[in-house]
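Enquirer: Here is what each chain is made of, one letter per residue.
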Amino acid sequence: MHMPEYTAKIKEISARLLKEKKVEMVIGFRKGTVPMMNEPCFVKMPEDVKELVWDSNCGINLANYLTDRKEKIGIIAKGCDSRNIVTHIIENKIKREQLFIIGVPCKGMIDKNKITSMFENEINEISEHEEKIIVKGEGFEKTLNKNNVLQKNCKICIHRNPVIYDELAADLLDEQKDIDRYEDVRKIEAMAIEDKWNYFDEILSECIRCYACRNACPLCYCPTCFVDESRPQWVGKSTNPVDTRTFHFLRAYHCAGRCTDCGACERACPMGIKVRTFTKKLEKDCLELYGWEAGLSLDERPPLDTYRPDDPEDFIK
Amino acid sequence: MRLINIDKKSWTGGLENLYGNYRLFGPVKNNKHHVFKELSKGELPDLNYLNTLLSPKSIVFSQSETMFEYSLDESKEQHHILKEINKDYSPQALIGIRPCDAASFQLVKRNFDTPEYKDPYWLRAYESTTFVGLACSNPCSTCFCTSTGCGPFHEDGLDLLLVDEGENFIAKILTPGGENFIKSAGWETETDPVAAEKIIKNMKIKAEKKIASFVSTDQLKNRSAIDLYAAPFWEEIAFACINCGTCTYACPTCWCFDIQDEVSKNLGIRMRNWDSCMFPLFTLHGTGYNPRNTKMQRVRQRFMHKLKYYVDKYDDGIQCVGCGRCIRLCPVNIDIRRVCDMMNKYEG
Amino acid sequence: MEDWEPRIVCFLCNWCSYGAADLAGVSRMQYPANVRAIRIPCAGRMSPKFILAAFMKGADGVWVSGCHPGDCHYLEGNYYARRKFALFKNLIEYMGIEPGRLHFSWISSAESTKFTSVVKKVTLAVKELGPRKQGIKRGVYG
Chain A
1 MHMPEYTAKI KEISARLLKE KKVEMVIGFR KGTVPMMNEP CFVKMPEDVK
51 ELVWDSNCGI NLANYLTDRK EKIGIIAKGC DSRNIVTHII ENKIKREQLF
101 IIGVPCKGMI DKNKITSMFE NEINEISEHE EKIIVKGEGF EKTLNKNNVL
151 QKNCKICIHR NPVIYDELAA DLLDEQKDID RYEDVRKIEA MAIEDKWNYF
201 DEILSECIRC YACRNACPLC YCPTCFVDES RPQWVGKSTN PVDTRTFHFL
251 RAYHCAGRCT DCGACERACP MGIKVRTFTK KLEKDCLELY GWEAGLSLDE
301 RPPLDTYRPD DPEDFIK
Chain B
1 MRLINIDKKS WTGGLENLYG NYRLFGPVKN NKHHVFKELS KGELPDLNYL
51 NTLLSPKSIV FSQSETMFEY SLDESKEQHH ILKEINKDYS PQALIGIRPC
101 DAASFQLVKR NFDTPEYKDP YWLRAYESTT FVGLACSNPC STCFCTSTGC
151 GPFHEDGLDL LLVDEGENFI AKILTPGGEN FIKSAGWETE TDPVAAEKII
201 KNMKIKAEKK IASFVSTDQL KNRSAIDLYA APFWEEIAFA CINCGTCTYA
251 CPTCWCFDIQ DEVSKNLGIR MRNWDSCMFP LFTLHGTGYN PRNTKMQRVR
301 QRFMHKLKYY VDKYDDGIQC VGCGRCIRLC PVNIDIRRVC DMMNKYEG
Chain C
1 MEDWEPRIVC FLCNWCSYGA ADLAGVSRMQ YPANVRAIRI PCAGRMSPKF
51 ILAAFMKGAD GVWVSGCHPG DCHYLEGNYY ARRKFALFKN LIEYMGIEPG
101 RLHFSWISSA ESTKFTSVVK KVTLAVKELG PRKQGIKRGV YG
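Residue numbers (our numbering), protein chains in the order written: chain A, 1 to 317; chain B, 1 to 348; chain C, 1 to 142.
Watch out, some of these pointers could steer you wrong.
To be verified - A few chain B residues facing chain A, derived, Cβ under 7 angstroms:
1) 59
2) 63
3) 90
4) 141
5) 234
6) 238
7) 244
8) 262
9) 273
10) 277
11) 289
12) 290
13) 331
14) 332
To be verified - Computed cross-link-like contacts, DSS-like style, restricted to lysine-lysine with a CA-CA straight-line distance of at most 30 angstroms:
15) B:76 - B:29
16) A:132 - B:295
17) B:295 - A:142
18) A:114 - A:93
19) A:21 - A:95
20) B:295 - C:49
21) A:196 - A:31
22) A:136 - B:87
23) B:29 - B:295
24) C:89 - C:121
25) B:206 - A:22
26) A:196 - B:295
27) A:142 - A:93
28) C:121 - A:274
Unchecked claim - Chain B stretches covered by chain A per the calculated footprint, using a threshold of three residues with CB under 8 angstroms from any CB of chain A:
29) 49-57
30) 334-346
Bear in mind the hints are in silico, worked out from the structure with no lab data behind them. Glycine is no exception: its CB is placed at the ideal position from the N, C-alpha and C atoms.
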């Protein structure tokens with residue numbers, strides 16, 4: 001199935017849910033005002049479902065919009081969104097009964113930074129047709145293979161199908177097999193210690209502390225984030241590199257065992273910082289140490305909320 | 001006002017002459033995008049650029065700026081007394097700044113330079129700066145400068161406007177500051193002002209025609225602030241917002257900051273850092289009460305400030321130069337053009 | 001740098017390691033004076049922020065010590081802590097802080113000998129690495 005069919009099906013289901021008053025609102029995406037951007041939106045009237053779209057620019061994680069909501073909600077969920085919905089349910093940020101999950105088997109989102117950097121001139125229009133992405137700007141038109149311009153997290157995704165849903169907007173996909181998800185992490189792990197330090201200094205050098213990475217993340221819902229605490233003040237407010245590093249370190253650590261590698265943080269970063277580099281390490285360790293992948297089941301506790309008596313402890317004296 | 005011709009062959013030499021008399025800043029491409037940064041000796045600004053990712057406001061109003069230091073060591077003289085930090089306010093020049101960004105300094109000046117209060121740090125940095133503009137022949141699709149009283153060849157806030165003619169620049173000297181800059185560089189080929197003005201005018205018309213995006217602001221002044229404040233569309237506009245500070249930090253006209261003390265051992269500093277009305281902490285009272293506790297309130301505040309309160313207070317248009325950065329960088333595609341039109345249309 | 005002595009911040013569980021330190025003291029056992037002990041109610045109370053704050057303020061090493069598995073005063077605090085520590089330790093190293101600067105141990109309140117021997121080991125390890133060069137937040141900037 002192709003994107004227009006996805007969109008048509010999403011509209012059909014949404015309109016039905018709203019008409020039958022099964023939900024009070026449907027949360028989805030509408031077409032953005034600039035290329036490669038769609039805007040998360042809600043629809044409350046059946047006649048407004050025409051706004052909804054689905055394409056390769058729906059990289060924001062919609063689970064982020066569910067936190068503490070009280071209504072009955074229809075939500076469009078790709079693989080990673082659905083895993084974050086599971087995490088939200090486990091963490092009591094929403095109730096399963098409140099949700100009608102419209103599952104979208106996801107073929108991956110395109111990397112807007114990567115595509116933008118491929119062209120000298122501004123991109124004015126992007127369209128997609130099956131596996132092709134057609135990029136147009138003043139004086140140029142180029143067709144790209146979608147597979148080559150996917151967001152990195154999508155490229156290595158092995159949970160494209162939603163893990164939890166009430167109805168599907170398309171047929172389930174074959175999951176990608178034989179994927180090395182941690183190649184990048186291993187590269188850093190193999191570096192000398194000073195090189196690691198410098199590597200992170202380098203990738204964080206442009207951070208403006210806007211907190212887009214934190215705020216785009218469905219996991220970050222603390223009423224007061226540690227960066228905003230003032231007694232004691234754990235993290236300074238300036239652009240001091242030590243503070244910036246501490247912020248990114250703790251942000252990632254707070255996502256340990258919960259992160260689904262949806263890539264919303266990296267997508268949201270206005271400076272193009274590879275913030276997934278931090279969370280990916282924790283994801284790898286949770287898998288290796290505790291056999292855990294976030295958001296796959298409603299019945300298991302996340303790894304830092306449980307333990308086994310025989311957990312690895314060779315690092316403890 | 002004088003017009004001169006700068007042959008591009010003499011460009012590097014001119015910059016070399018300037019180096020030493022000015023600290024030069026210009027757009028440079030790092031591995032990802034263009035940024036405004038201080039040019040080292042021999043480094044050339046890359047003038048073949050659309051616009052920098054973030055606005056150059058940080059050169060005059062840095063994101064983190066230490067103002068004072070103090071010692072808490074009671075054995076020292078003048079302990080617990082704030083002492084101003086020495087800073088370099090020697091002449092600096094922003095080479096290749098876009099007219100929209102240059103205009104933004106004039107809007108920001110309204111806040112930092114009033115008859116009652118003058119912000120010494122901003123003013124000193126501003127007054128030490130020569131704004132060497134680069135006219136914009138290829139505006140982006142998100143540029144709407146012509147709707148904000150600005151434009152791709154706009155001259156307000158500039159000391160000098162460079163117009164790229166291919167082999168050479170036409171330099172339109174607009175202020176004595178611009179004159180000094182040109183003298184210091186040693187560019188002195190006079191050009192026929194009538195012919196040059198004509199060329200500039202034609203290029204300007206062409207560039208303005210390329211602006212593809214517009215907003216209507218004509219009714220904003222007539223609308224009631226209370227009606228707009230209570231308008232039903234805010235929930236829908238704010239829905240996608242994740243309350244990050246991207247729009248405010250990228251914006252050339254956002255001027256808010258927060259003052260913080262940091263003490264390590266006996267040495268303290270007082271600094272100011274950019275703050276953002278998108279953050280809940282921005283309005284949090286000491287009591288714990290927060291008058292803008294929901295994201296809808298914060299989003300509304302940002303747009304109302306730029307598009308209504310500012311309009312009412314200064315009666316000189318909106319607090320926006322149409323650079324389009326917030327549109328390009330917003331992680332969730334909240335578009336000020338759309339909001340502005342909704343506000344302009346709203347009759348209560 | 002010969003006379004340089006590392007500063008090591010150690011967080012000791014009230015119910016075990018802190019008691020061990022006490023016992024080592026009343027027994028007049030000798031150990032390097034490089035550790036600054038902070039008492040915490042349980043290893044489970046240990047927040048990653050404490051460790052980062054210590055590093056940020058210039059600690060050359062950090063050491064956290066709690067009760068042996070199965071001995072937690074609150075039954076399972078140290079089990080939870082163990083998972084947090086494992087991930088934290090790996091992440092610290094991943095981001096470029098030498099692993100020899102962060103140590104964990106289980107020491108019961110009777111194990112004063114173990115306490116002194118771990119102090120020695122930790123101090124030696126940190127000493128070998130020398131003073132920290134990066135990641136310390138210092139006074140004036142910007």
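Enquirer: Each hint: holds or not?
Expert: The hints, checked one at a time:
1. Hint status for residue 59 of chain B: violated, given a least beta-carbon distance of 14 angstroms to chain A, over 7 angstroms.
2. The interface hint given for residue 63 of chain B is met, as the beta carbon of that residue sits about 5 angstroms from the closest beta carbon of chain A, less than 7 angstroms.
3. With its C-beta approaching chain A no nearer than about 23 angstroms, residue 90 of chain B sits outside the 7 angstroms limit, and its interface hint is violated.
4. For residue 141 of chain B, the interface hint holds, since its Cβ comes within 7 angstroms of a Cβ in chain A; the closest pair sits about 5 angstroms apart.
5. Because the closest C-beta pair between residue 234 of chain B and chain A is about 13 angstroms apart, greater than 7 angstroms, the hint is violated.
6. The closest approach between the C-beta of residue 238 of chain B and any C-beta of chain A is roughly 11 angstroms, which is over the 7 angstroms cut-off, so the hint fails.
7. The restraint placing residue 244 of chain B at the interface with chain A holds, with a minimum CB-CB distance near 4 angstroms, inside the 7 angstroms limit.
8. Evaluation of the residue 262 of chain B hint against chain A yields a held restraint, the C-beta minimum of about 6 angstroms falling below 7 angstroms.
9. For residue 273 of chain B, the shortest C-beta to C-beta distance to chain A is roughly 5 angstroms, which falls under 7 angstroms, so the interface hint holds.
10. Residue-level restraint check for residue 277 of chain B is violated (minimum Cβ-Cβ distance to chain A is 13 angstroms; threshold 7 angstroms).
11. About 14 angstroms separates the beta-carbon of residue 289 of chain B from the nearest beta-carbon of chain A, more than 7 angstroms, and the hint is not met.
12. With a cut of 7 angstroms, the hint placing residue 290 of chain B at the interface with chain A is violated, because the nearest CB-to-CB distance is about 11 angstroms.
13. The interface hint given for residue 331 of chain B is met, as the beta carbon of that residue sits about 3 angstroms from the closest beta carbon of chain A, less than 7 angstroms.
14. Checking residue 332 of chain B against chain A: minimum C-beta separation of about 6 angstroms stays under 7 angstroms; hint holds.
15. A C-alpha spacing of about 47 angstroms is found between residue 76 of chain B and residue 29 of chain B, which places the hinted pair above 30 angstroms, so the restraint is violated.
16. Distance restraint check for residue 132 of chain A and residue 295 of chain B: the Cα-Cα separation of roughly 38 angstroms exceeds the 30 angstroms cut-off, and the hinted pair is therefore not satisfied.
17. At most 30 angstroms may separate the alpha-carbon atoms for a hinted pair to count; residue 295 of chain B and residue 142 of chain A exceed this at roughly 40 angstroms.
18. For a cut-off of 30 angstroms, the pair hint linking residue 114 of chain A to residue 93 of chain A is broken: about 34 angstroms separates their Cα positions.
19. With a C-alpha separation of about 18 angstroms, the suggested pair residue 21 of chain A and residue 95 of chain A falls inside the 30 angstroms cut-off, and the hint holds.
20. Proximity of residue 295 of chain B to residue 49 of chain C is assessed by CA-CA distance (about 28 angstroms); at most 30 angstroms being required, the pair is judged to hold.
21. Between residue 196 of chain A and residue 31 of chain A, the direct Cα distance comes to roughly 40 angstroms. Violation of the 30 angstroms bound is thereby established for this hinted pair.
22. In summary, the hint linking residue 136 of chain A to residue 87 of chain B is not supported, as the alpha carbons are separated by about 47 angstroms, beyond the 30 angstroms threshold.
23. Between residue 29 of chain B and residue 295 of chain B the CA atoms are separated by roughly 35 angstroms; this puts the pair beyond 30 angstroms, and the hint is violated.
24. About 18 angstroms separates the Cα atoms of residue 89 of chain C and residue 121 of chain C, which keeps this hinted pair within 30 angstroms; it holds.
25. Taken as a hint, the residue 206 of chain B and residue 22 of chain A pair is broken in the structure, with Cα atoms around 54 angstroms apart against an allowance of 30 angstroms.
26. A hinted pair counts as satisfied when its Cα atoms are at most 30 angstroms apart, and residue 196 of chain A with residue 295 of chain B does not qualify at roughly 38 angstroms.
27. Note on residue 142 of chain A and residue 93 of chain A: the hinted pairing is violated, with a Cα-Cα distance of about 44 angstroms set against a maximum of 30 angstroms.
28. Annotation: proposed proximity of residue 121 of chain C to residue 274 of chain A is violated, straight-line Cα distance about 37 angstroms (limit 30 angstroms).
29. As drawn, the region 49-57 of chain B meets chain A at 3 residues by the rule of a beta-carbon pair under 8 angstroms; at three or more, the given contact holds.
30. For the region 334-346 of chain B, the proposed coverage by chain A is satisfied: 4 residues have a C-beta within less than 8 angstroms of a C-beta in that chain, meeting the threshold of three.
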